[in-house]
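Chains as they are written, first to last, in this note's numbering: chain A, 1 to 241; chain B, 1001 to 1103.
In short, the hints are calculated from the structure, not lab data.
Note that beta-carbon positions come from the ideal geometry of N, C-alpha and C, so glycine has one too.
No incorrect hints appear here.
Output of the computed footprint for chain B on chain A, the stretches with three or more beta carbons under 8 angstroms from beta carbons of chain B:
{"no.": "1", "region": "112–125"}
{"no.": "2", "region": "149–162"}
{"no.": "3", "region": "177–191"}
One-letter residues, chain by chain:
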Amino acid sequence: MHDADPTPALAISRRDVTIWPLAVVGRFPDDGLVYAQIVLFDGFDPLDVIAPFEVLAAGSDTVEGALTVELVSAQGPRPVVSGTRDLVLHATAMLDPSKPGYVLVPGASGPIEGDPDEVDTIPVLLARFGETAAAPLMREAMANPDVTVATVCGGSLALAMAGLLEGRNAVTHVLGLDVLEATGVNVVRARVVDDGDLVTGGGVSSGLDVALHLLERSYGPRVAIAVEELFEYERRGTVWT
Amino acid sequence: MDLIGDWDVVIKTPIGSLQILYTFTDDSGALTGTATGKGETVPLHDISVAAQRVTWRQSVTKPMRLNLDFDVEVHGDRLTGHSKAGRLPRSAVTGVRRQGRIS
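Let's have the full structure, built from the sequences with the hints guiding it.
So this is what it looks like as structure tokens:
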């Protein structure tokens, strides 16, 4: 509207022109419900899952349930053992790449050092993701124009190892940046990298920022800020777009 | 140095040891090669031989997507050296010529 006007009134008017397509569409039952599917796999990092789960769930409450947040796995409903002290989270459905919305892939947690022939190090766990049913499902999700794929921490590396991020702009945990580059990804050093239908985050805590960015993209800054206030957390850094 | 033939090679990578079959061929005077691992065969690019040293490049997708640069030395029926993916640490490479041919 008045993008050159730097007065406080602008902030309000800019908020007013913010498009809320998902929220509006989501108010019509069975017509455009939006899903956030968070993909659990063996050895996942719990915080990579819980941070965006909580943020997206709070965002869903703010938009009156227009967003359905669920934990899924490539194998269907099952208890999935994380890489941190065997903490278990339950996937309640199978990953469905045809559902519109977000598919979010967390990273893995586990040993960094060790002989990979003997120990399930983080790279081993991430590479294993690409050898499961998750890889073809994620390929479908990435090909679906109604799906935005998001990752936290090593999640981008898991997709890159499976050959799904060729030539894309992305970030991962700082310890994985060199591997990410070797897979043919254009590595960007930002906390959150928005490459259109692919949004990647850096190390574990960036899952908060990734999810808040998704909320802002879909529902506008008011929703993202409401969740920030509720969580007493503020995003940091500049999102690369 | 005679590189032509089949080589059983082990590459120690960050995701575990890989067993790869390399085949080097003399294609009308030009040296060509392929690498066959679990699930795929890929061509070798920019093969260069200088005395005992051989270098080449290859892109693999299994078990993970990687662009690799190889640098090995060949002595008789054995080769040793490393492969490198971008700025990652070197991965040790060792190989032996597959027997069954007369050279």
